[in-house]
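Q: Using the sequences and the hints given, assemble the complete structure.
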Amino acid sequence: MVNLTRRAFGIGAASVALGALSARMAAAQDVTIVVNGSGGSLAEVLKKLFEDPFTEQTGIKVRATAPVSLPKLKAMVESGNVEWDLTELNGDDVVLATKEGWLEEIDYSIVDPENELPEMAKLPTAMVRASYSTVLGFRTDRFPEDKQPKTWADFWDVENFPGPRSLENSPKCNLEFALLADGVPLDELYPLDVDRAFAKLDEIKDHIPVWWDNGAQHVQLLVDGEVNMTSCWNGRITPLKSEGRPVEISWAGGALLLSYLGIPKGAKHPTEAMQFMKFRMDPVASAEFVKVMPYPGFVPGMMELLEREFVATLPTAPENAEQQFAFNSSWWAENLEEVQNRWNEWLLI
Amino acid sequence: MTMRRPIILLLLAPAMLLVGLLFVAPLVGVMSLTVHDGTSFTAEPIRELLGSRVALVVLERTFMLAASVTAICLLLGYPAAYFMSTLRPRVRAYLTYLILLPFWVSILIRTYTWIVILGREGIVNTGLGALGLAPVKILYTNVAVHIGMVQILLPIVIITCLASMLDIDKDLMKAARSLGASPAQSFWKVFFPLSVSGAATGGLICFILSLGFFVTPALLGGRRSIIIANLIDLQVHQTLNWGFAAVLATALLAITLACLGVFWLLMRRRVEFSGAGLGR
Amino acid sequence: MTIPSLFELRDGETDLTMATKGSSIEFRSVRKTYGSFVALEDFSMTVAPGEFMTLLGPSGSGKTTALNCLAGFIDIGDGDILIDGVSIARVPTEKRGIGMVFQNYSLFPHRSVMGNVAFPLEMRGMARDEVRRRSLAALEMVRLDGLADRMPHELSGGQKQRVAFARAVVFEPSVLLMDEPLGALDLKLRETLQLEIKQYQRQIGCTVIYVTHDQGEALTLSDRLAVMDKGVIQQLGTPQELYDQPASRFVASFIGSNNILKVFRSEGSTVSIEGLGAIEMTGREPPSRGYVALRPEHIRRTPKGRASATLEQAVFFGNAIRYVLRGTDEKEVSFTEPRSGAVDVPAPGTEVRFDFDDSSLTYLPA
Chain A
1 MVNLTRRAFG
11 IGAASVALGA
21 LSARMAAAQD
31 VTIVVNGSGG
41 SLAEVLKKLF
51 EDPFTEQTGI
61 KVRATAPVSL
71 PKLKAMVESG
81 NVEWDLTELN
91 GDDVVLATKE
101 GWLEEIDYSI
111 VDPENELPEM
121 AKLPTAMVRA
131 SYSTVLGFRT
141 DRFPEDKQPK
151 TWADFWDVEN
161 FPGPRSLENS
171 PKCNLEFALL
181 ADGVPLDELY
191 PLDVDRAFAK
201 LDEIKDHIPV
211 WWDNGAQHVQ
221 LLVDGEVNMT
231 SCWNGRITPL
241 KSEGRPVEIS
251 WAGGALLLSY
261 LGIPKGAKHP
271 TEAMQFMKFR
281 MDPVASAEFV
291 KVMPYPGFVP
301 GMMELLEREF
311 VATLPTAPEN
321 AEQQFAFNSS
331 WWAENLEEVQ
341 NRWNEWLLI
Chain U
1 MTMRRPIILL
11 LLAPAMLLVG
21 LLFVAPLVGV
31 MSLTVHDGTS
41 FTAEPIRELL
51 GSRVALVVLE
61 RTFMLAASVT
71 AICLLLGYPA
81 AYFMSTLRPR
91 VRAYLTYLIL
101 LPFWVSILIR
111 TYTWIVILGR
121 EGIVNTGLGA
131 LGLAPVKILY
141 TNVAVHIGMV
151 QILLPIVIIT
161 CLASMLDIDK
171 DLMKAARSLG
181 ASPAQSFWKV
191 FFPLSVSGAA
201 TGGLICFILS
211 LGFFVTPALL
221 GGRRSIIIAN
231 LIDLQVHQTL
241 NWGFAAVLAT
251 ALLAITLACL
261 GVFWLLMRRR
271 VEFSGAGLGR
Chain Y
1 MTIPSLFELR
11 DGETDLTMAT
21 KGSSIEFRSV
31 RKTYGSFVAL
41 EDFSMTVAPG
51 EFMTLLGPSG
61 SGKTTALNCL
71 AGFIDIGDGD
81 ILIDGVSIAR
91 VPTEKRGIGM
101 VFQNYSLFPH
111 RSVMGNVAFP
121 LEMRGMARDE
131 VRRRSLAALE
141 MVRLDGLADR
151 MPHELSGGQK
161 QRVAFARAVV
171 FEPSVLLMDE
181 PLGALDLKLR
191 ETLQLEIKQY
201 QRQIGCTVIY
211 VTHDQGEALT
221 LSDRLAVMDK
231 GVIQQLGTPQ
241 ELYDQPASRF
251 VASFIGSNNI
261 LKVFRSEGST
271 VSIEGLGAIE
281 MTGREPPSRG
291 YVALRPEHIR
301 RTPKGRASAT
311 LEQAVFFGNA
321 IRYVLRGTDE
331 KEVSFTEPRS
341 GAVDVPAPGT
351 EVRFDFDDSS
361 LTYLPA
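Chains as they are written, first to last, in the working numbering: chain A, 1 to 349; chain U, 1 to 280; chain Y, 1 to 366.
In case anyone wonders, no lab produced these hints; they're calculated from the structure.
As the structure is a computational prediction, the values presented were derived from the model and not from experiment.
Just to be clear, a hint being listed does not mean it is correct.
As the list claims (entries may be wrong) - With beta-carbon atoms standing in for the labels, derived distance ranges:
{"id": "1", "chain 1": "U", "residue 1": "Cys259", "chain 2": "A", "residue 2": "Asp107", "range": "50 to 58 Å"}
{"id": "2", "chain 1": "U", "residue 1": "Pro135", "chain 2": "A", "residue 2": "Asn160", "range": "17 to 25 Å"}
{"id": "3", "chain 1": "U", "residue 1": "Asp233", "chain 2": "A", "residue 2": "Asp107", "range": "32 to 40 Å"}
Unchecked claim - Heads up, incomplete: computed chain U residues facing chain A, CB under 8 Å, no partners named:
{"id": "4", "residue": "Ser40"}
{"id": "5", "residue": "Leu101"}
{"id": "6", "residue": "Arg120"}
{"id": "7", "residue": "Ile168"}
{"id": "8", "residue": "Leu234"}
{"id": "9", "residue": "Gln238"}
Glycine included, each C-beta is placed from N, C-alpha and C at the ideal position.
A: Below, the structure is given as structure tokens:
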């Protein structure tokens with residue numbers, strides 16, 4: 001258990017804010033904000049740690065919806081019928097949505113009045129909610145103890161690391177992995193050499209019986225023994241490990257990705273949504289959340305509430321972070337359509 | 001007693017309104033995306049379709065898959081329906097319940113079940129292993145897609161075939177026998193021609209449903225099992241290229257309608273010719 | 001070499017093959033049960049070549065079961081059936097050479113009239129021209145050659161029946177089975193077709209087994225008929241025999257209309273009969289017990305009649321009047337009086353005296 005220190009509660013700041021908020025409570029009584037997330041078991045945790053306490057404090061009710069979907073955002077904004085007040089977004093989704101003008105500017109004087117968040121967490125139209133990694137995951141029981149796969153070069157090496165593999169059915173990250181396997185250093189990935197990446201992908205294509213579409217699927221593939229290794233989300237594998245399953249991840253060459261919160265253009269309650277964004281930065285609740293779902297963000301003061309051994313399993317732990325590359329959302333937003341079309345042609349024909 | 005026309009129209013109004021609002025309007029919306037990008041008319045999506053090798057390959061693949069699934073469903077379903085048509089009504093009713101039972105389970109769950117059964121370490125391969133046989137690779141191949149789709153569509157084909165078979169007067173087969181036809185002849189000369197329209201209807205339903213399949217090829221197939229619905233999904237969710245998605249959907253719709261038209265023409269000709277008997 | 005089809009013979013022409021055209025049929029103690037239900041019990045009869053035999057009975061009496069055993073649609077249970085002296089127990093339907101006309105016609109809906117009639121010839125592998133010639137001849141016989149290209153659903157009931165008949169005989173079977181073939185038609189058409197069927201049968205010469213529950217039809221058509229009830233042949237004989245000498249109350253009441261009257265007691269030449277009262281019999285020995293049957297047409301109104309009863313109603317039949325009387329014992333007795341010239345019809349409620357010849361009484365067992 002983590003000690004609940006006075007500092008953790010942030011009593012000082014919170015109590016001031018509370019005073020201001022309680023004045024507004026009468027007015028906010030009937031307001032319900034719609035917060036769109038990934039759904040699933042995570043929604044329960046979010047409700048318990050953030051949404052219910054937020055309603056208790058402000059009187060603003062929260063309705064959670066799912067799933068995260070850029071096309072839905074597009075449809076809402078373009079039709080003028082905006083249901084969501086706040087939605088989770090992937091990095092390249094943020095770039096694209098901002099370019100298309102589907103997101104409201106965020107007023108950080110409401111979200112981060114004390115200016116505690118690091119600058120990299122604060123985009124004009126979105127705030128970093130979480131960080132996660134797409135890494136190499138494998139079955140420990142399928143390889144000799146002294147010869148477990150570590151790098152993407154190992155992933156490509158079907159002689160020494162035999163067995164079926166899986167990758168995501170998307171060019172994102174896969175091009176990077178291919179280039180890493182081909183010897184490109186971590187810090188020289190971008191801009192991606194697309195031709196070289198596809199050439200390298202050609203080598204592995206026939207060893208990949210299945211291309212996964214979502215997180216649940218890559219978990220199933222590993223657990224069922226359908227593949228011996230796959231690219232995967234770190235947060236999906238950690239719980240499997242603690243269940244005692246013979247699975248492991250390697251941080252080497254992983255893609256460090258950020259997940260954001262943003263307000264759709266034309267949202268009905270942007271101010272209340274930003275209040276909720278601020279609430280989501282509560283370090284105690286965030287620490288509890290990370291213990292369930294190891295996707296830490298940049299919540300100030302949260303890491304200090306977690307045990308050292310646990311922090312070491314997080315993607316942002318320094319020893320893990322230095323082995324990974326930062327996924328470049330801007331490059332992808334810029335090149336997605338062209339690369340995706342090439343990917344489809346490469347994969348489907 | 002017949003109702004007067006205005007009353008009939010009044011009674012139909014809610015249903016027509018529902019269809020108009022929830023089906024026709026969105027459909028027109030989708031189709032308009034193929035020539036209009038929201039601000040002005042454009043030929044871009046259609047040009048993109050004709051220029052896209054992926055789209056054409058996947059369209060062809062979709063139709064080949066639908067055709068082979070339909071063929072398998074008919075080959076399995078017709079004899080099953082025939083067998084059922086010979087049973088006593090009570091036994092037949094029980095069998096019908098059994099056949100319809102899978103409809104209580106969602107397609108998604110049934111598809112996932114095939115993963116468990118056909119997987120590399122699934123029930124089939126575990127069984128083969130226990131017998132000392134080499135494992136087979138079924139999951140994530142077209143074979144798995146066929147198995148999954150046939151399992152879902154077969155009941156529909158059986159029930160459609162059965163319905164038309166039960167309409168056939170059993171005395172006709174007796175009559176054929178008394179007129180000198182062997183059991184095989186009475187089947188091929190009398191029962192089969194009379195049941196073929198029901199079987200064709202079942203096949204058509206199966207074919208059209210196959211064209212729109214999504215989950216089964218996505219979960220059981222490999223990369224070459226992706227069909228048109230999956231490609232449309234990709235355009236909607238990944239590339240946000242809705243014009244292209246709309247043109248793919250419209251192409252699918254157009255080809256489906258064309259199939260219906262051909263079917264209708266064939267059936268009409270059949271009815272015209274079937275009488276000829278000797279005169280042919 | 002072409003052998004002329006039977007249908008191509010004109011009336012009056014004699015064909016030597018005709019006499020041998022029909023087969024003999026013999027049922028030997030056939031017994032057929034379904035669970036505890038006995039459909040046929042000790043069913044035996046012999047049908048002569050060319051004979052028109054009718055199985056007459058109410059539904060469930062076993063007549064259709066007997067027909068189906070003969071046609072081969074159901075297995076012969078115990079016993080045996082022989083055609084021309086040869087057992088057919090192990091011969092499949094299509095090899096028995098039996099033509100059959102079904103109650104609901106059972107025309108093939110996907111084949112034209114011609115296609116239907118041609119079917120049995122096609123099954124026999126006959127050459128195309130020959131099939132066409134013979135089919136047309138059969139259709140000519142039933143006067144439907146003009147409708148050869150019609151589809152069954154375009155035909156009237158009578159036309160369908162004629163097609164079914166033509167189809168059943170086109171291959172010149174030696175045995176023709178007909179299962180209530182006129183059941184679905186209206187009365188007028190039935191009468192017309194009855195005559196036609198009889199005529200065709202004479203022309204073709206095949207042995208016919210005809211199943212019906214219509215006693216009038218049975219009397220009109222049959223050379224002999226078997227009255228069946230509860231899976232058992234109650235009586236077998238010519239129509240006249242069965243009409244005049246019914247052997248049981250069932251047969252007496254099933255064939256024609258009849259007054260079935262209980263015999264109470266007899267003393268010397270006087271017998272007490274239900275509905276008639278005490279009758280002094282002079283012509284023959286009175287029955288001592290059981291029943292008597294008295295046909296309505298054998299009763300006549302006469303002031304000196306031996307019996308009397310109250311007139312309940314007189315029904316006008318056109319060529320006759322049917323009187324319904326009620327005796328003192330409340331038993332109903334009815335009789336028919338031909339209308340020749342003016343007849344004074346008594347008013348209901350009047351006491352009517354009537355009489356009959358003793359010889360017209362049929363004595364029936366209890």
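Q: List, from low to high, the hint numbers that the structure doesn't satisfy.
A: Those not satisfied are hints 4, 5 and 7.
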